[in-house]
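With chain L held as given, fit chains U, V and X onto it using these hints.
Number of protein chains: 4
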Amino acid sequence: MCGIIGLYDKEASWAAYRSLLAIQHRGQNAAGILTLNSKFYLKTGNGLVTEVFNGFPLDGLKGDLAIGHVRYPTSGDNPLGESQPFFLQYPHGLGLAHNGNLTNYLELKRELRAKERTLQTTSDTEVLLNVFADELLKSDPITSLEGTMNKVEGSYSSVILLGQDGGKVIAFRDPHGIRPLVIGEKDTENGKEYMACSESVGLDVTGYELIRDVRPGEMVTIKRGGIEFDQIMEPKPAHCCFEYVYISRPDSIIEGKSVYDVRFKLGENIDFSKDVDVVIPVPDTSRTAALGFALKNNLPYREGLIKNRYIGRTFIMPCQKYREEAVIEKLNVIRKEVSGKRIALVDDSIVRGTTSRRLVTLLRKYGAKEVHFISSCPPITNPCYYGIDMSVKDELVASKGIGDIEGKIGADSVTYQTIEGLVRAIGMPRSKLCLACLNGEYPTNLSCSNAECLSRNRELERRNMKI
Amino acid sequence: MCGIIGLYDKEASWAAYRSLLAIQHRGQNAAGILTLNSKFYLKTGNGLVTEVFNGFPLDGLKGDLAIGHVRYPTSGDNPLGESQPFFLQYPHGLGLAHNGNLTNYLELKRELRAKERTLQTTSDTEVLLNVFADELLKSDPITSLEGTMNKVEGSYSSVILLGQDGGKVIAFRDPHGIRPLVIGEKDTENGKEYMACSESVGLDVTGYELIRDVRPGEMVTIKRGGIEFDQIMEPKPAHCCFEYVYISRPDSIIEGKSVYDVRFKLGENIDFSKDVDVVIPVPDTSRTAALGFALKNNLPYREGLIKNRYIGRTFIMPCQKYREEAVIEKLNVIRKEVSGKRIALVDDSIVRGTTSRRLVTLLRKYGAKEVHFISSCPPITNPCYYGIDMSVKDELVASKGIGDIEGKIGADSVTYQTIEGLVRAIGMPRSKLCLACLNGEYPTNLSCSNAECLSRNRELERRNMKI
Amino acid sequence: MCGIIGLYDKEASWAAYRSLLAIQHRGQNAAGILTLNSKFYLKTGNGLVTEVFNGFPLDGLKGDLAIGHVRYPTSGDNPLGESQPFFLQYPHGLGLAHNGNLTNYLELKRELRAKERTLQTTSDTEVLLNVFADELLKSDPITSLEGTMNKVEGSYSSVILLGQDGGKVIAFRDPHGIRPLVIGEKDTENGKEYMACSESVGLDVTGYELIRDVRPGEMVTIKRGGIEFDQIMEPKPAHCCFEYVYISRPDSIIEGKSVYDVRFKLGENIDFSKDVDVVIPVPDTSRTAALGFALKNNLPYREGLIKNRYIGRTFIMPCQKYREEAVIEKLNVIRKEVSGKRIALVDDSIVRGTTSRRLVTLLRKYGAKEVHFISSCPPITNPCYYGIDMSVKDELVASKGIGDIEGKIGADSVTYQTIEGLVRAIGMPRSKLCLACLNGEYPTNLSCSNAECLSRNRELERRNMKI
Amino acid sequence: MCGIIGLYDKEASWAAYRSLLAIQHRGQNAAGILTLNSKFYLKTGNGLVTEVFNGFPLDGLKGDLAIGHVRYPTSGDNPLGESQPFFLQYPHGLGLAHNGNLTNYLELKRELRAKERTLQTTSDTEVLLNVFADELLKSDPITSLEGTMNKVEGSYSSVILLGQDGGKVIAFRDPHGIRPLVIGEKDTENGKEYMACSESVGLDVTGYELIRDVRPGEMVTIKRGGIEFDQIMEPKPAHCCFEYVYISRPDSIIEGKSVYDVRFKLGENIDFSKDVDVVIPVPDTSRTAALGFALKNNLPYREGLIKNRYIGRTFIMPCQKYREEAVIEKLNVIRKEVSGKRIALVDDSIVRGTTSRRLVTLLRKYGAKEVHFISSCPPITNPCYYGIDMSVKDELVASKGIGDIEGKIGADSVTYQTIEGLVRAIGMPRSKLCLACLNGEYPTNLSCSNAECLSRNRELERRNMKI
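Residue numbers (the working numbering), protein chains in the order written: chain L, 2 to 468; chain U, 2 to 468; chain V, 2 to 468; chain X, 2 to 468.
Just so you know, these hints were derived from the structure itself, not from any lab. Hints may be right or wrong, so weigh each one.
Some chain U residues close to chain L (C-beta under 10 angstroms, calculated; not the full set) [as the list claims (entries may be wrong)]: (1) Ala23; (2) Val202; (3) Arg250; (4) Asp262; (5) Leu292; (6) Asn309; (7) Asn333; (8) Ile335; (9) Arg336; (10) Lys337.
The structure presented is a predicted model; accordingly, all values stated were derived computationally and were not measured. Glycine is no exception: its CB is placed at the ideal position from the N, C-alpha and C atoms.
One chain only, chain L, in its complex shape (with noise of 0.2 angstroms):
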């Protein structure tokens, strides 16, 4: 879960600024810009996009190529530099920034560094770019990037800005196209410009007109003034089914489909037949849902529950004594739509189940008289290798199966999305779609021999930077 961008733009820097403010949504723990004009010019920092470059002369990053980067937060450990892009000198000087999860890293770094290549940090993006780096060495980018996704398993939507021949930026997917990934064009006085993006939203702010995906195993070479599509890879489709249910912004268009249509359908699609008062959504993921299904049943909507817009989604209280209440920070209750009230509660998704509880607990203190959980996404029982937080199956709720949930979450009833009721929403067939988080058949090869000891050896790597 970060969001990357790479362009072609007589304004690069500054295209590549609101761009990632448009995705910020997707990581508000980092985020950095490599340009090129002659040379390369890099700005990366710690914080939400407006943090990083407050005070920051955007017309440093010089150039009319970039890449950019805004991250999720994870417990990397990077001694040499701070966050994405990375950035290599030899050969020809290049970056790299990446959305997804390699699977197969460990292994890789071990090759890496029989080859004399030091590796920083734990982070698979710079297993990555050194996996390409060495590719180069021996041939063009093509075939470069047809022996890397030969080596890297896993999902990978990264773009590449290189040195080479006066500079270009390369956008890739993985065979199966986990994580999205769009190309937008723009029309301007000196030719045509192009971008690529995580969500499509990072095109509509900068005056890009959608084309089109990238495909699943395709690289997309951006120049000055010209696009050159090769399929490097056949295409197997797997598309992450999260992105609709959460992670992607809903005004964002992902493989043709809407995610906000998306949204409003798995509200409708939900079988519910309690008798309840009102429809209350989880704000802001859960309003589209909660519309939908709240208009499915005739259900009164309301907004009865309020959040504050000053705290974002990665504030931490300075106080250790009050993290436990933080919730109750960002959301208020309306007490008037919530007292005495028999109230359908839409969220999102159910996945580690602890904010669920919360949120139950606190209508009910606010006098609500009966609370239904509905749950806009199917049961969450596998972890996800592919860069989503929830990749330790134990701290799933749902990973040993929906009994007694709603005990769990303290709710009168749980109401679950089915996966047939997913797919319909989304418009896609089921065999295009990696529901593997909820039923566990993953797309790609897991070469290590027990799925499960993927998560539990990247989460012993980063506690404790033995490797």
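Showing chains U, V and X alone in chain L's frame:
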């Protein structure tokens, strides 16, 4: 439009911090907290509450008595310090945080200067503090506040932190009670604690129960473990209607009325007969009114505009060139809900008309067939002299009547709330409301011969800093 | 040991900045400038002058009247603000910067609190400011200063910036003139400009000509384009001898005496008869005395100790473990000048003995055959209550006599200046000097019954912050 | 004119920090430390060592191997990073810190670019690092360094931190040994530790004993607990004479010669016969030579110029208007030693003549009767291409001969050292010294056809950044 708090709490600075977070919407420009044990401790700064206190050890603000402030952007000039609370060392040590506007402050300033008081800023808060300090040289706090109220004109909901006799917090409201101020109480193992706050949400997040509003003309004294109420001036209630329409959070209760309820009714009260396909609110303030409107008129409610949560009210494009487009940066359109549709666009109010016009333009760009603009507030035709940022009549788009208002903002039609509908929604006798911005009937004495000059003089002073 | 300035200058903040740079040696802990046009402008901060004003636009400190301050490290406690100048808004607006120490400040503090004056810090500067402000409520500045001088005891060379009647700077010195303060004048095309400064070097760097010292008990009023002199109290001169020995820069002129000359003579006046090979000064303060000593005794002068110019007086090792070794970090030895040599090591004085012992050890480590320690100052046997950081008698290595002083610092011999030699070097009647640290004859009334308690009380208060 | 260190030390970052403090005089513009345990850790920044590491936890720079650098101000252009050490990830991970100047770096740059190496800066350090990295792809470190030395021309005393085989520090010097580099050893309970440093003072402050200088053309490998010496190229010594004259600290030992001794003899060697009253040094560098001069000529030595210790070499007046006067700000005059006197003013050297002229003017302003200027260095007539900031011939005031040098700097007479006197003071055979700036005999091959073009090309590149 600022927010204030005053409290006795064992963890005063921490409670102040959390309450200020809850009323951050009343001012994002600056924040500050003043505390007292046997000494005073002050921390103020420019920016959001989280920014001002980022990395600041709240423990350094010692004591169990505190006042705090969040400031709305104004063009003040304060060479010696930064922002409120203002502090004076003599007599006794006293600080003040203020929400409102003194209409006779030029006159007061002249008087104070004659008394050898140095005024460093053009802020009326500094004037109010010095008038009170001057009285306090001669008398006790109650008599001093009475003397102060007899001198100052305009609106003021304020809190004072006084060092005398071990310390106390004084909360008071002008005789008209124009700006809001509520009192809450908390039972703790150490006895009762008390808080005064601009809005009840500030009480909610820190565990205080709302007792009631500070009465117009009343002085409330919060001491360590006790509270006293003194009616200083005869109450002549004239509560600001715009607090219900726009300023306050929907989850606040003002004068016993839920802001959420009022807004919902504002939507229901609109008389509307056009044929439209969909009701779309302008997020976030108009959502409640739009919902009431849609349900009453049996029209589909859709979230066709999506707000970027990471761009605040005060976000400023770092590049002049694109400042015009900022509204597009903050809002993105769900094309499916807009394209080819006849839209009822609900906003809380129309002030200058600039934003309204941009919204209509934006929807048309995405293919809206018709855009009918609904204002949940009646036409704003007169300046406000009581602290809301609409003090220059010529800037109000409806100041010369609503003729061709459609043309001015580019909408197919514009439908306003009626004053009667507004009063009904609030559910309070019309005589107890300040409706000056709607009907020109100002509740206070405007001792300047020409009301218009009030804002003009004020603006001149702000710009020239000559006085 | 602080430094102050006060001035009327068309470029007041700029001249203040440069003069503070010139007297930076008097205090490296904090710095500040307060200016006045029709308003007051204040900038203070911790650190060196260059650090405090690094990146700060001096133009922002508007006006042609200013006072400024550099502070010596003390363990103050100042919750509301940072450092001097202190500022009070009432009456008229007035600020104060102070060099010295009030010996009856505890008593003054009690009186002020009885008068409803809040004191925020344990600084005597705040007390002095409030005593004067209190007088000013009743009277004109001259009478107010007379009233102030009648109340306060101790040493004070101070400047006040007063807002009354358009503004003026008042410079004054206690009746004993313990701490230095000089007045300079500059002819400009706009008429005459004036500056008061702790040392004449502050005048030199800004083009002011030294007129004379402010007289003991005198008040000098600097107005726009004019200067007035009022003798407030009868002068009873007792100028600090340690200014000549150590504190002041050698290029300063105090009471008409060149500090360089005095130090040179201090060296000449030492009676010394040991056989040594070389004279080595402890850089930088002792260089002049060492030169005089070497020439008089016909001994070779060598720079055997080299100072690291990049480690300031206040440099603190960032690691506790190595703090002990700091003296080695600051000084490096020229082995050739030391190894096998009988050395006369000249230092300005011996206070606690710690540094002296480390110096001797360092020289021995590099092979010195003998180390004879020469102190250009007589034995320091009594605490100073007038602003020099040696206020606790027990900490002075010579407080119980100089028996076995050689053993205490590890030298082969120790030779002190005589009091008579010191007086002769300064060239002023003994009666006009404060020699209290040498002979225990304190020039001021020490109203505390037991002189010793002065420093002890002071220390207790500093540590406990109980008063 | 930079300073470098490389070391194996259990507390590597801490020892590096202290040694960099000791050689801060070699560069005040930027500083950096790179350490290695199993990963690399890098911290660089602009400013003094104390500023760059102010508040930085040295513990964060983990490991027992380190290299470090202090940089002299140059107008570099380094968009990706800040300052040295430079770091490359591939192969093995390696960093480099460099003191010197490569005279064929334009040619090397072209070759590197042809090999797909991206160069981001105009720094020859980056070129040197890449040449070595390129060799290292094909071979072991010794062969790689031999290959590097065969390619690069000019001066280079450098340290490399190499990640290969667990890590090692490589220190080396060009075959002429132009810039200094010494090796020290420390016995600890954990065995022997080693340090390479530009000057021996860096060893002194961290407890290392000076072993000897790195030999011209030698490679010294510091490993954990061991050291190896490999003579890579035949030594052709040509040590920089200006290190003795000006650059190094007086307490350093270079090639076994005490810099203090050399400077003292430089003073003694001056042939001078004018009648003067006093000898005055320009602090701080000229003090030693002035002392030697005064004693030899039996003239009184006086410190007539006092330096403001708080204004560094790189202090820049924050106001353009007064920049001219900066020399007055840094130096103050003791009038008594100057007024009416015939002065022998001793400075280390005369380069551009600007400072010399200002000094003479300053002394005359204070009433000097005659000013005779003594340069402890012979006339500087030719540019230096080996790393000292005097690379443009036309800027050297003596480049066209010393005719009327008195007129140019305004002195009554100018007396220079002779080359013979300089050689004698250093005490080394003339053939082993680089005297190029004095006699135009450059020890290295200057492959550019016209030596003059070296500096001109260099300057053009610096300014235009076009290459």
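Verification of the hints:
| no. | hint | result |
| --- | --- | --- |
| 1 | Ala23 | holds, 6 angstroms |
| 2 | Val202 | holds, 6 angstroms |
| 3 | Arg250 | holds, 6 angstroms |
| 4 | Asp262 | holds, 6 angstroms |
| 5 | Leu292 | holds, 7 angstroms |
| 6 | Asn309 | holds, 7 angstroms |
| 7 | Asn333 | holds, 4 angstroms |
| 8 | Ile335 | holds, 5 angstroms |
| 9 | Arg336 | holds, 8 angstroms |
| 10 | Lys337 | holds, 5 angstroms |
Consistency note: the structure conflicts with none of the earlier hints.
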